[in-house]
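Asks: First residue of the first sequence: 3, per my numbering; consecutive thereafter.
Worth flagging that the hints you see were computed from the coordinates, not collected in a lab.
This list has only true hints and no planted wrong ones.
Heads up, simulated SDA-like pairs for lysine to any residue below, C-alpha to C-alpha not over 20 Å straight-line:
#1 Lys-288 to Gly-272
#2 Lys-241 to Lys-288
#3 Lys-157 to His-178
#4 Lys-288 to Tyr-278
#5 Lys-184 to Trp-137
#6 Lys-184 to Gly-260
#7 Lys-241 to Asp-77
#8 Lys-157 to Ala-145
#9 Lys-184 to Gly-196
#10 Lys-296 to Leu-127
#11 Lys-184 to Ala-145
#12 Lys-73 to Val-319
#13 Lys-184 to Gly-99
#14 Lys-184 to Pro-198
#15 Lys-73 to Gly-39
#16 Lys-184 to Gly-141
#17 Lys-288 to Asp-72
#18 Lys-263 to Tyr-280
#19 Lys-288 to Asp-236
#20 Lys-296 to Asp-72
#21 Lys-288 to Arg-224
#22 Lys-241 to Tyr-280
#23 Lys-184 to Glu-152
#24 Lys-184 to Ala-201
#25 Lys-241 to Asp-68
#26 Lys-184 to Gly-148
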Amino acid sequence: MSGIGKSQIAEASVTRHASRVTVLRPIVVIIGPTAVGKSQIAVQLARALRTEVLTADSRQVYCGMDIGMDKPTLDERRGVPHRLIDLVNPDEPFNVGTFRRLAIAEIDRLYGEGKVPLVVGGTGLYVRALLRGLWEGPGADWAFRGHLEEQARLKGREYLHQELGRLDPELAGRLHPHDQVKIIRALEVHHLVGQPLSAVQRQHGFSEQPFVPMVIGLTRERQALYRRIEARVDAQLAKGLVNETQGLMAMGYGRHLGSMKGLGYRQIAGYLAGEYGYDEAVRRLKRDTRHFAKRQLTWFRKEPGIVWVTLAEQESVEASAARLQDLVQHFLESLNGNSSSESWDSPGGSAAELPVAPASVPGERD
RNA sequence: GCCGAGGUAGCUCAGUUGGCAGAGCACAGCCCUGAAAAGGCUGGUGUCGACAGUUCGAUUCUGUCCCUCGGCA
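With the hints as extra help, turn the sequences into a complete structure.
Replies: The structure is reproduced here in structure tokens:
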């Protein structure tokens with residue numbers, strides 16, 4: 003705790019920033035495929051921005067799934083608080099709606115402290131729901147889903163799609179008859195709110211704009227990314243992914259759980275169940291992770307407004323972070339220019355000095 | 001050198017009783033509104049080792065040659 007005088011100055015400063023940040027609602031988002039190197043760069047950037055990391059990752063929310071989900075260790079976080087990690091047990095429900103509510107709470111808190119939130123993650127739907135809103139519909143009704151799955155078993159794979167064709171022909175036309183997960187959701191919505199999902203989707207259209215975002219997409223040359231994925235899988239195995247999976251299963255977390263269908267646990271669980279050998283499990287894990295990265299890239303490619311940054315293979319984390327810091331600084335300065343002549347920082351400071359200040363002064367926050 | 005097996009997609013191989021070659025994996029493209037690391041869709045021209053013969057037609061049959069892998073010398 004600092005002396006009274008200093009503390010008062012800091013408080014005044016924070017109030018000032020808080021009001022600006024609360025009005026403008028700027029947000030910095032780093033997205034990119036798995037293993038591209040988001041986490042390490044994000045820590046550097048968070049230190050530079052004197053803010054915290056908000057993780058937008060549907061898997062890192064599960065407690066006890068550390069190696070497989072590649073959560074940064076405390077050491078790797080280097081004192082930067084990471085939020086939206088370790089929120090629920092592997093058998094507890096979690097979804098994009100939960101994420102969005104919790105994320106918005108964290109963001110508002112940061113605005114209150116005069117900080118620019120830094121969102122980092124690879125779950126495209128979560129990022130989209132955060133930046134463009136989410137239709138305020140009902141959550142999952144697992145009993146009803148179970149009932150529908152039973153129907154599909156009894157009456158054949160095409161039955162549910164035919165049902166949807168009756169209730170919501172538009173959406174049925176867009177969904178492949180085999181895409182049972184999405185067909186069931188559509189039927190569930192119709193059952194719960196009495197109108198076709200396609201109608202509410204059209205009405206919402208991801209058209210909310212709760213923030214002014216700067217979205218940075220990290221990518222690498224495809225072959226280089228694939229090499230990193232394979233190296234990371236090897237590292238996860240060396241850290242004890244098999245033990246971690248065994249432990250989770252011993253705690254009663256079965257393979258049917260959504261969390262246990264995540265990359266790593268799914269393939270290792272199959273090996274532990276004797277369905278195939280260790281080498282085959284490793285081969286599948288690497289393959290599935292490559293495929294996943296590819297799907298992520300497809301998703302992000304069409305998101306609007308992403309500034310893409312291609313990382314070079316020999317580029318250091320520091321160098322990458324510095325490049326991003328440049329982009330963010332310009333972004334924040336442009337916000338200053340557009341809103342008023344007032345600076346982000348306390349009187350006398352240069353524009354954007356607060357959010358982009360050098361980070362080499364731990365323990366001397368504000 | 002002899003005997004055997006084989007040379008077909010980037011890889012592993014199937015196949016054509018002679019009629020413009022096909023699976024898995026790899027790879028590429030795509031869809032997505034509370035399971036999203038989930039779930040789903042699409043994409044195959046490759047001198048069928050080379051040359052010659054038989055045939056209307058050869059990757060398929062025959063011959064010669066080249067290469068690979070085993071075994072024997």
